[in-house]
Amino acid sequence: MIGSPDVVAFTKDDDDYGDSYTDPCLLPEEFSVPLFPHANANPWLKTSYAKFSKDFILISEFSEQVGPQPLLTIPDDPNVCGTFDLNYFSLRIMSVDYQASFVGHPPGTSYPKLNFVQDSKVVLGDSKEGAFAYVHHLTLYDLEARGFVRPFCMAYISADERKIMQQFQPLSSGFSRASECLKSGNRKAFANELEKKLRDLEYTRSVLHKETEMQKTNSGCYSTQVIEKANELANVEKSIYEHKDLLRQITSYPNSKRRDADQVLCEPENRADASTLDHALSSNHSGNEEKPVETDGSNQHPSYIPQLIKAKSAKCFDKRLKTLEELCESDFFFQTMDQLNTIEKTFRGDLCFIYTCQIDRALVSKQKITSFLFEPERDDDEVGSSRGFYDPNHTTRHVPSNFSSEPMILESYSTLVEKSPNKLTLEVNQESSTSDVTQETSEDANDTEMKGSFSSDRSIEAFINLSPGNPDGFPTGGTSIACTMTSSEEQGIVAAVAEASSSLEHESDPNHGEVFETGSLVQMDTACCMGQEGFSYEEPFLEPAQEPCEDTVVKHEPLSLLQREPALQVEYVLGAATPTVPSPSLGLMLPELNPSSLSEEMAKLNMDDISDNASYMSTSTSSDRAASPFNYGSLITLKQKKKAGHSALRFIRQYPFAQQAIFCLLSGRTLVVLGADEGTVRKLVNALLIFVPNLGKYGETVQPWLSTSFQLSDLQRWKLVGLQRVVSPAGSSLLHSLSRYSRYIGILDCDSKTLRCPAYKGTLMGHMADHRTQIKRGSTYFLHVQSILTQLTAKAFLYTFCHHLHLPISTDQDAESVVLRRTNFLLQLGFTEEESKIIRFLGELIRQHYLQGPLKGVNQSNFSFSYTTSYLYKI
Amino acid sequence: MLRWILGTRGSHGSAENRCAALCIGEEQPKNCYTELQVLRGHYDIVRFLVQIDEFRFASAGDDGMVLVWNVETGERLVELRAHTQQITTLTAYTFTSTEKSLTVLITASSDRMMCLWDADTGHRLHSVSNLQSSVKCVLVLDLLDVFLSGGNELCVWNRDFQLQCKTVHYRDLGITALVDLPKCCVAAAIDKEIVIFKLNLSEPEKSIVAIQHLTDHQDTIRTLIRVNDDLFASGSHIGEVILWDTLDWTIQAYERILWEEPDRESQSEIRMGQQKQSEASIQHLYSDGERVVAAVGSGLFVYNTRMKTVVAYRKFAHDSDVLYTTLLHNGQVMSCSEDGSVRIWELQELPLPAEPASSGFFSLFGTIGRSSKQGSVPSKKLLEVSGLCSLELVGDLIGHSGAVQMFLSFGKKGVVTCSADHLLIVWKDGERESHLRSQALFQKLEEKGGL
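So the protein lines, in turn, are chains H and Z.
Residue numbers for the first sequence follow UniProt numbering, beginning at 1 and rising by one.
Residue numbers for the second sequence follow UniProt numbering, beginning at 1 and rising by one.
If we strip away everything but chain Z, and leave its shape as in the complex, we get (with noise of 0.2 Å):
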């Protein structure tokens, strides 16, 4: 029956009252995306965006197709057919060294297959098949002009697709993530290690080695990213955070995020444990260069790197796992869900700093080392921190019918989502759209003097 949506108002079944909460409603004055587009294409879950420039960006999934669209139009420019199996990676890079500047896409797969494409004429320019393992990563290095290709291997690429030289093989676990270091250094996230690779190009005998093992993560690393030019971070399966230093790969900060459950005694000590390490794994970072967020389990939290304390926090963002989180270009933050949603949230000024809703624990480190990280943690201990905020939700996307693998933001043009159910939507503000279509109008009267 559909009394229920219909007689209750905004309810999601569960009606608990921490989900209560995160009903907005349907009213959502803040919620500028209005309009939006659908845009059809791929045959199964898509996975990865990426922006080429100010209005392309290409997509790409598990059918083993990318295509590229306009974000304004909505038009599908060219498509890159070539894998068999899953893509396993994007990435988009434009060659400003040469003459012609060049925007090439670079797509690797499961089918042991790593593609060049040219994104403007959909063109492939190189390919190299076969090899040992699929590749997880690919990390572009300007400056060198190479390319770094990660999966049981880590090999480095020179623009023509040759390859310069690797490491050893990785048995077991494969590199997940990239990230590039001051000095030909790479910090590659293998299993429940940070590696540092340090490339040597300039000798004739190019190599690529080893240099540092950091192994502070008690579990698998699930996210890496750069901060800025000094910090880059890391997050693990059970939720700690660790801000590293870029150059001498010292720990700059050190979070584990326990999402304490309030009725925990009244229940099995067995299902909890399960229950708050699938909670507290940290999905995804994303900085802006000070501030940090996380996506952790099905909630979010928002770290300030200078300040070096959490500025705010909500433990049930969203119904299911958070998959992907951003910072907006208008400093809301917004996340997307397996529960195939998109949220929008806004950092407000707590009215009554330290009052948390729910007690989780945070501790801070100052550059203890490395070592430090067994050190006790203090228990509920709550730091009285001036700036703490809570993050509002002001708006929801609602138009998947999967889960919302990411998003990719265009600031004012829009968001693209991408999702489970095979879709891309491009959401975009109404009032400006209107405010283009006017423009347009007005200019096409013009052009044809008159009606």
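Pulled out of the complex, with its shape left as it was, chain H reads as follows (with noise of 0.2 Å):
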């Protein structure tokens, strides 16, 4: 094979472990193939009859100037729109508005009063658009808006509709900490206006009244002049007692609410139909001519003068309205530019990727024992969504109680349709239906898309039909629904459909967690290769002559994972107590999927989704910026795990001993890299860095770059260490302590390219650091690697907390039939001597870890190691 990685390996630059990684076979640009034409080529894009490439959060504003327009999008790049009409959009979601928050007289109060309305949350699809929509209504409050509201909307946009229906609730949840944070400083900035206003009324008032008393002691009480002038001055006043009030109102505003947004009921008694809304305008507004309703905008200054109201009502079309911005206070603003952007990049990428993340952050954080051996750190953003995913106040919270009872939930749903049709828009699009999806999609796309995209639409669907709680007709006949909620149980039952169509046997368990994994279970076998990256080839070799290479990866890498894990796989299904998990959709791995019929374009569309993947590129031209990815003392991600894993591949295909170094990791002792240039050190420690037991959250245990002589606590601390040679005095002291400590330690010395280290002897490195592997990208190699240290983390799991395996189960036992009972079991487990080291060193630091917490402080842990002789490997 032209292709071969053996050859790739070492042809290769000796020293180069970056990601700047250029494949020699690859074809000239002159002879390159044209790569498959349909843009649409890519099964998972569902997009591919939408006129937007990504999903993407649209903020619109029913101005009562120009009616509904669109006023930003997150991500802000004309591109993620393509020729997706957003001021249709914007036209479409804010005609589903909901009766608006507004100001009126509410019969038996002579003053404006607000009404503190809580956000409507609709879901909308366009099946022509191709477009679904989670839609966010709110309304801010402006002095110089018609009735003092300015109606708005986020949405979340995307193409697929399974992925808004499904992942309504998080949506919800997250909208509504955005909306909060907008109306908050909303609220402020309202309150500063109405002040400001209540000051320049005052004045005008004060103003008024002299003008008055001079006219009359000018001409007289009764004079026209003197009357009018009266008039206006009990306008004024009027205006200042309604202003008074509202500042009353706005700053009562109780602070409990704010907190719990979706808790926010509004009384019945203050929704007034839109026609009370628009008399209530018209009356304040043309009913009383002389009602001032305009101050001078600039009005912004910290010293504020106050300004006298020219008696004139201003034309609606004349005035500037205010920018969102200026709504809000500006940090406020940002705030919640930044929390929309989080949950775009939270919800980037396909349904199933976004399941199996959830899934894997739900398993992850119940293996708290051992997930800290290897598991890493999510980005900070992960984190902070998933918080919101899994917070079991915030599921439960929505779940009415009366929603044992399936009917009652049609009942109020249809009379929901029935009765207010304004607020609850139901699209059925019999031509769109979830099947017909897929008809649509396949019809224009080539066999391999189909049979893809199939595969997972079945399970999808599959995994909907389970669901026992689900009403027959719901997910096939809404393709667009839009529900409004007014009152939180109608919200409850809104999110508890949500929740019922993402969940199987929502009624068997009413735990939401429980059965969100339950349910969610279905998805874990398609998703096993569709990570983050799947299927965007990010890496620039990526290239016809590759692609028989390409088609190995696709097709062995997951059988391969599928075939080593079939404890792992037993496991699931037997918590998920579903005997009839659907067949790993094996469709992913169909010879027919053939990777190169993904075009270049789609790779580019998917480009931004995948930061990781965006890295690679400018990687591959910059390799200054993958020369040091980790820097002692900094945060490690799981993406930096999955960079490094590009570096491990090629260190393992370079270097025969990798299993030896690798072994020294994994067995706790500390192996220290060695060499006079700092970049390549750097390098192999980045490679090394995701085969290091307990890395720590900032990567703690390990050391990129040392430069003085270290101490025997350094190799307490530190499990990888990069040490700088210096042919200088101080180098002997350097090697000196080299040489005091090498019983503790490896060395590997990439100068010489020499490792020394104990022997080791078994297969299971070989697994992980097969020089011939036939994984060809960072990320898989890192998986793969995870996998096969997820299985070690399972057995160190099951080693430590075997009772007998430690403790004698009689007293007549002594001490060394409980040594040859645990040795026997590793024994039992396919472990030869040495692996079984790794499984006592892991086992220590779960103990150690399970007893004392996570690391303490050198002081208080302890350093172990063994008595082996050590041979000189070379390369």
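Don't take every hint at face value.
[To be verified] Some, not all, of what chain Z presents toward chain H, calculated at C-beta under 8 Å:
| no. | residue |
| --- | --- |
| 1 | T34 |
| 2 | N152 |
| 3 | L441 |
[As the list claims (entries may be wrong)] Non-contacting residues of chain Z with respect to chain H, defined by C-beta distances greater than 12 Å in every case (computed):
| no. | residue |
| --- | --- |
| 4 | P29 |
| 5 | Y33 |
| 6 | I45 |
| 7 | S202 |
| 8 | L350 |
| 9 | Q443 |
I should point out that these hints are in silico values taken from the structure, not numbers from a laboratory.
No residue lacks a Cβ here, since even glycine has one placed at the ideal position from N, Cα and C.
Assembly of the complex is requested from the two constituent chains, each provided in isolation within its own frame, with the hints serving as guidance.
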């Protein structure tokens, strides 16, 4: 095979571990065959018939001047929306506007009353556009606006309907938080505005008062001028009262409500319909011509000078409406934008991927005892969002008490439809049911795509239908379902519907977290090779010449994973208690699924989705960035580890003794990477990073570059050290410490390409670090390693918590029999003597972690070692 | 270059034959110390370790600080700070005679101050400053409820730190070591002499007087220990070890250890003379009541007091002077040295008795009397004694980067070493510790009622 990795590995420059990998087998540009022309060849990208490339968030306003208009999108990139008509879509989403919260004169009160109305959450679809949206309506207060309110909406727009429906709950909570942030900023700004206005009015009143008095003395009490002035004065005074009342209302907004946005109830009697609103508005405006409605725009100065308010109402279309940022205070605005960006990031990518991540997180969070060993730290935003998803209070809060009776839900659902057609829009598009979507897709797609998408669709569909709590017609009938919640109960229902469609056996188990996990298990297998980077071929050497290799990668790697982890799968099945787990969607590994059919364009489209990707691209041109991806004391993320996977892959291909080096790390023997060149050493350290157990959140156990001699306590602290080789007197002390502590360390000399460490016998490391591996991509290799490490962890857990392996069962047993049992156990697990050391070491770490919690400091921890002979390995 | 490290396994620079025999390599199946814990806290050379009870010990050194540690957890329990200069002696003692037992530490320093500390709380109970000389050694006499401090004079103190009586001032050379003897007597090493003092505390006029001067050593006495109820031993700078009777202070045995250089003729006399002296210096003696282990230069020898023979010896046990040596609970001999290593030795029966690898000479004396020390020493006479063993190296502990000053064995709990690199290291049996952690784990599991 031309593209054999062996050849690749050994023809490469020796000390190049970075990501700047260019395949020597690449064809020159002019010989390259044009790739598969269809842009929508990616079966996972459901935007194939949508006019936008990926999900985005749209903020629109129903402007009183120009009607619905889009304000901004997140991400703020015109390419994202493509040819998608934002104006049209804004119209659509704003047209399902709910009853706006507004100011009116409720019966019995003489002053306008602010309604603190709950946001509405709507799911809306437009099958022709191929767009589905979660729409979050909210109103902000603006003194200058009609009725003091400005209706806005935030929409999460995706081409994948299921994503919207099934992620309704997290979307809703995410947007609620963002909305709350906007609104609290708005309340603050509104109160400020009111205060200014009041000052203006007070000033106007005093001026008018003076003028009236003057005119009284000049022209008598009953002249028309005086009467006019008196009327004017009366209007101003009335206005003052109204504004004072508004200020009182806005400042008395309960803080508890602010925190708990979803729980805010609006009182039914305050809900006036639109005609009342209009009436109120017209009476406010036109009915009273002299009512002052405008202040000068230049009232932003801190030391505010009150201004005279003209007794003229400005024309509606003359004034400049405040921007969103002005409506809320800047701090709140940017905070909201951050939150929305986080939401956008969280829901990026295919639904399967989101599921996988959620399952992953849920599972990892259940493995607190061992997850510290190898599980990488999540990205910050991921952690943040996962908190939102799995907050048990959050999810249970929305489940109404009467949820157990399914017909009631349906009933209330239908009554909702009937009673309030303007609140709930139900567009049944017969041609775009879930299954039709697939058909539609397959019509203009090639076979491979159809199979791919079909398999995933089928599993998801099956998964929906498996849910007994799901009314039959619901998922297919509602391609576009718009629901409006005005009370918590209704909202609860919709939330519950969303839940029902995202979980199996809803009724049988009210515990949401549990259900979710069970339900999602169906997705496990389909997702196995659809990671964040799945099928987006970021590496520059992906060219037709590589096709055979790529093919094998796709075909073999997931299979081997499956083959190697039967135990793991069985565990999941048992845990799920669902014997009919759909077969791992083999469609993913079908030979027809030719990766080369994925167009470059598609890869480009996904490029932004995958930041890992982007860095790969960038590092291919500038290797500087990859030179030191890890710095001591910085947070180590999954992303970094995946990148390290690439370096690791290069390492195992270049060094035949990689297995010994990895064994060193796994068995707890500190590995010192010795070299003169900092870049080389750092790269090697980075490559070996993924094998270090208990790496620590900030990589505390790794020192990538050390130029001074080290002490014993350093060995206790660091398990992987990059050490500078110095050719100076200082260097001799360094060498002295190296030779002195040689029994505790393995020394990887990158200058002479030797490794000195104990011998390793066994097959485990061969699986992990086969230098003839077919895996070509760093992140794939990382996952491969991670899967083996997870197995090891599981066995170490078993070993550690097996009572009879450590303590005598009965009193007449002596310590030796326990030791024998322990040894036999490890042998039965198939571990050699050396591999048993790994398990023992991991067991010790688990024990220490369980007893003491996370690493408390160097002084508290022990440093274990063994007296074994080291050998010198050469390349 | 690192090549030599990587190339030759276990070689130690000067690859002479004598050293090669001592290089055990990295495979040490008999070495049970597979876990260590580094204890930080001192800022200067740590010279003294003293055991307080089953799990506590105190360390002191040139930084004037005394730290009390828990050997099981490595926790630093209390810090005793008062001395401004290096600590010269450290003694732990438990008063049991009072209704409430009190564990105290007595420290003395070059700042001519002596303090009494409560080891539990770290409070300073008493202190005496402005002593005429710095105290080099302290001896607690339990029965008499007093303690003695030896500097340039010997002082007797009661437990409240009141001076009871003292001896005359020994101008040039202070007392370096003290041993208690029966009948209210103590033996003090002053330069080349051992002086026997008698305490008289019953009379109103309390006194301490020198009643005997033992002048058999030819050079400065480096170490003085109590062997058992009948014997005490002393070792001098030129390799003399004398066993004395505790009652009549007569010589029970005399050993002159001269490591002979096999290639001595080929080298200059002067140089050899110097080297020999240095090598033969008795640095430390330890006895378990029957056997006496001596650190002689960079070598070791084990002497059986009952058989009055040398049981085993090793001329080059370390690369440098051995500073401290002990018999461990399992019969192994442990030694530490200026070369920064701690070595563990096992006494093994020689397959062929009377085939010494290097010919030292040993002379054995019966109770000949003090004056017989000048008697002609039979040259190169090696007694064919049954039970002659060899000291086989079974393991070494590498961790310190400076001279290992002293170590303290806690039996199965491990060994603490202190060193010139300011560190203390607790060496533990990894298997045992792992087992203990397992027990703790299952106990916690039980308490929590599951994972």
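Hints, verified against the model:
The interface hint given for T34(Z) holds, since its Cβ lies 6 Å from the closest Cβ of chain H, which is under the 8 Å cut-off. Taking 8 Å as the C-beta contact cut-off toward chain H, the hint placing N152(Z) at the interface is violated, the least distance being around 39 Å. Interface restraint check for L441(Z): the shortest CB-CB distance to chain H comes to about 5 Å, inside 8 Å, so the restraint holds. For P29(Z), the condition that its CB be more than 12 Å from all CB atoms of chain H is violated, with the nearest at approximately 7 Å.
Annotated as non-interface, Y33(Z) brings its C-beta within 12 Å of a C-beta of chain H; the closest such distance is 9 Å. The beta carbon of I45(Z) is kept farther than 12 Å from every beta carbon of chain H, the shortest such distance being approximately 16 Å. Its beta-carbon lying about 51 Å from the closest one in chain H, S202(Z) satisfies the requirement of being farther than 12 Å from that chain. With 12 Å as the threshold on Cβ separation, the claim that L350(Z) sits away from chain H holds: the shortest Cβ distance comes to roughly 25 Å.
For Q443(Z), the requirement that its beta carbon stay farther than 12 Å from each beta carbon of chain H is not met, with the minimum near 10 Å.
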